[in-house]
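Spelled out from the first residue to the last, the chains are:
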Amino acid sequence: MTSTLEEAREHARRQAGVSPLTIPATSATYLPDGVDAGTVLWDEAVPGGGYSARVLPRDAMLRVTDVEGDACVQLLVCSAANPGERLNVADTVKVQWQAYLGPDALLLSDMGRVLMTLVDDTSARHDCLCGTSNKRSNDGRYGDGSVSGPAPNGRDLLVLGAAKHGLGRVDVGPSINLFKSVRVAGDGSLAFDGAVRAGTHVQLRAEMDVLVVLANTPHPLDDRPDYTATTVRLTAWRAPRPDVDPFRATSPERLRAFQNTEEHVR
Amino acid sequence: MSVVLDEVLAARAPWAHVVNAGETLEIVDLGGNQAVDCILYDAHDHAHRYSAADTVTAQRNIFLVAGTQLLSNEGVPMMTITATTCEYHDTIGGACSRESNTLRYGHHTAHQHACVDNFLDAGSRHGLTKRDLVSNINWFMNVPVGADGTLGIVDGISAPGLAVSVRAEIDVLVLISNCPQINNPCNGFDPTPVQLRVTG
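Just so you know, the protein sequences line up as chains V and P, in that order. Heads up: the first sequence is residues 1 to 266, going by my numbering. Heads up: the second sequence is residues 267 to 466, going by my numbering.
It is worth saying that the hints were derived from the structure and are not from the lab. Incorrect hints may appear among the rest.
As the list claims (entries may be wrong) - Straight-line alpha carbon distances no greater than 27 Å define the calculated DSS-like cross-link-like pairs of lysine-lysine that follow: (1) V:K164 to V:K135; (2) P:K396 to V:K135; (3) V:K164 to P:K396.
Let the hints inform the model, and build the full structure from the sequences given.
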């Protein structure tokens, strides 16, 4: 039934199903209270083993929702105008004197500027230390960790998302995990918290035009034998910046990061 | 065993050298509490490089100690710590930069020399760019994490003459910045030279 061009075209056209992307985005219905659908830029459900990447303008809000509670989202952020300016997880934890991301935390670039701010965070279980899986580690845990197999590894998914925006493997540096946390004991040892908590979210505000690349794969310390990552929802919208920004001066270091950013986007 | 290289790296200076598989790099903290920032690259594929995250995940501990395998972003052992007389080393604190110094200490530090500039200076001679810089190793640097997640650089646990030896498992381009930071205790507020010795 696909032996002729006409039959193949009809066969292809019969396949339309439910889209993980809300098109147009302004028809999104799963929105935070107070968000006008007309301001929505992006609304997408990313399944376990999936990835997505998108350029967001300064002042956009991005809410990442762990709908079923067992997702782990790898996040990379860079400047859309100059992708060579990118998330620096070491500076992010060191400058803010805090290893654990939570409400008010900034995602800092390697140029002393703010890429995104965590303006809302009902999860507060994230990880800046462990990065993500690679093909070798997922081969070892699940048998086949390639992106063409049943247990796609986080690193190669992030490479795909970055590549769609003209970037390469060198541009996929250390990433952040959302919704699964790691805590450090006094002797330096790491404890993983993989508990399931449905419905938590993180809301990030873009502080410059940014490229965000996200994947949804099990945390590298998730020891479960089955590849487990439930669907996350990504929703972005335009939001006005308040006249008095409550996040701008929550510490001297953060204030200077905002000052550097304001000089950059002036 | 033959000595391939034995030199003193001046305070504040960069260094880059290919350590071949099977060779050992020894770094001696001559003055005590001198942070030595370091990134490793596969000598034959610079996109394949050290990953702090893979390294701490694999050993489930943030501290680099004797026996630690330094893993790449593809999970491949690049070097192994075969001996260290400094109890542990850091890999979560990153490298200082002029830009991050302005956040941490104020804009008056904007023109102070920093590790990222050392990495760029030495790395650019091997074809590396800023896009190639990732979270690094900080030999002899002490970065504890408190119970509430507070993290920072505190007084070091090294001393004059303490040393670390790392054996290359593959051919590795080793990029080093002898840290010039003067605003925190990572160099005891006084950057000093270190000895670098490669044997094979």
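Are the Cα atoms of V:K164 and V:K135 separated by 27 Å or less?
-> Since the Cα atoms of V:K164 and V:K135 sit roughly 20 Å apart, the hinted pair holds (cutoff 27 Å).
_Pairwise hint evaluation, V:K135 against P:K396, where the allowed Cα distance is 27 Å at most_ = Holds - the C-alpha atoms of V:K135 and P:K396 are around 25 Å apart, at most 27 Å.
**Request:** Sort out whether P:K396 lies within 27 Å of V:K164, counting only the CA atoms.
**Result:** Holds, at about 21 Å.
Hint violations for this structure: none, all hints satisfied.
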